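Peer 1: Sequence:
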Amino acid sequence: MQRLSGKVAVITGGNSGIGLACAQAFAAGGARVVIVGRRQDAVDSALASLGPDAMGFVGDVADLAMHDRLLAAVKARFGAIDIYLANAGTAILEPSSAVTVDNYDLQFATNTRAVFFGVTKALAFMRDGGSVILTSSIAGSKVMENHAVYAGSKAAIEAFARNWALELKDRRIRVNVLSPGPIDTPILGKLGITASARPEFDKRMAAAIPLGRLGQPNDLAQAALFLAGDESVFVTGVNLKVDGGMALA
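One rule links them: number in this note's numbering = place in the sequence shown (from 1) + 170.
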């Protein structure tokens, strides 16, 4: 039996990387998946791998009005939500002395404010017994070079999750956090790691991660699948670090 059969899952940032891997895992598990991304071409490409029951929505999570349009579209097609994965995020890694107001605001608008209002708006459409999953980062608790603003934006959503886990207990809605370490996704290129620099980068990461390798998107997808399904029905308010043990080092 498919473990998410009959469930409706909304995934922000679901068109690439971790979000797309989660969408594929959820769809394979029987869920009807809604992915949200900023670019039409990327959303269309991702939908091709998700089957006929999937739905794509183009918008920027930092635009709070977008969430209202998204949820109206999801309600019209599927009626309600069972799983909400707040995965969209952005990272600008730089020393604190170099941070501009614009870069600070962009990271908090996308990583923090959008998660807070995206989740709180989605709750009105979520069935009791649902699952909320927030993608954070081990940077939320582990000090890493040039991560101060990004880390702060992620630490905040971990606090949201703990509070929501108690606030929503009467509805049996579970709220949990996934905290990846370095994952092999297109974001590495956006952070300036070129193809020629990858061998040395991979070597350094392997030395820093106890399990000896970069994470893969499917590593996160399998953890998200656990938190989304009934196997984790007695799990709420946890921060699941999927990092190969890097947070311990």
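Hints are not guaranteed to be accurate.
[Claimed, not checked] Straight-line distance between alpha carbons at most 30 Å, and here's what the computed BS3-like set of lysine-lysine pairs gives:
| # | residue 1 | residue 2 |
| --- | --- | --- |
| 1 | Lys245 | Lys312 |
| 2 | Lys339 | Lys373 |
| 3 | Lys339 | Lys291 |
| 4 | Lys245 | Lys339 |
| 5 | Lys291 | Lys373 |
[Unchecked claim] Derived DEER-like restraints, expressed as beta-carbon distance ranges:
| # | residue 1 | residue 2 | range |
| --- | --- | --- | --- |
| 6 | Pro369 | Arg247 | 42 to 48 Å |
| 7 | Arg208 | Ile363 | 19 to 25 Å |
| 8 | Ser267 | Arg297 | 45 to 51 Å |
| 9 | Lys339 | Ala250 | 17 to 23 Å |
Keep in mind that the hints were calculated from the coordinates and are not lab data.
Remember, predicted model here, so these are calculated numbers, not experimental data.
Beta carbons are placed, not taken as given, at the ideal position from N, Cα and C, and that holds for glycine.
Peer 1: Does each hint hold? Answer for all of them.
Peer 2: Going down the list of hints, with the structure as the test:
The suggested pairing of Lys245 with Lys312 is violated, with an alpha-carbon distance near 39 Å, which exceeds 30 Å. The straight-line distance between the Cα atoms of Lys339 and Lys373 is roughly 44 Å, outside the 30 Å bound, and the hint therefore fails. Proposed proximity of Lys339 and Lys291 is supported: the alpha carbons are some 17 Å apart, at most 30 Å. Only pairs whose Cα atoms come within 30 Å are accepted, and Lys245 paired with Lys339 is accepted, the gap being roughly 23 Å.
In summary, the hint linking Lys291 to Lys373 is not supported, as the alpha carbons are separated by about 43 Å, beyond the 30 Å threshold. Remark: the range hint 42 to 48 Å for Pro369 to Arg247 is upheld by a beta-carbon distance near 45 Å. A beta carbon spacing of about 22 Å between Arg208 and Ile363 agrees with the range 19 to 25 Å that was offered as a hint. Distance hint check for Ser267 and Arg297: the Cβ-Cβ separation is about 47 Å, which falls inside the suggested range of 45 to 51 Å.
Taking the beta carbon of each, Lys339 and Ala250 are about 20 Å apart, inside 17 to 23 Å as hinted.
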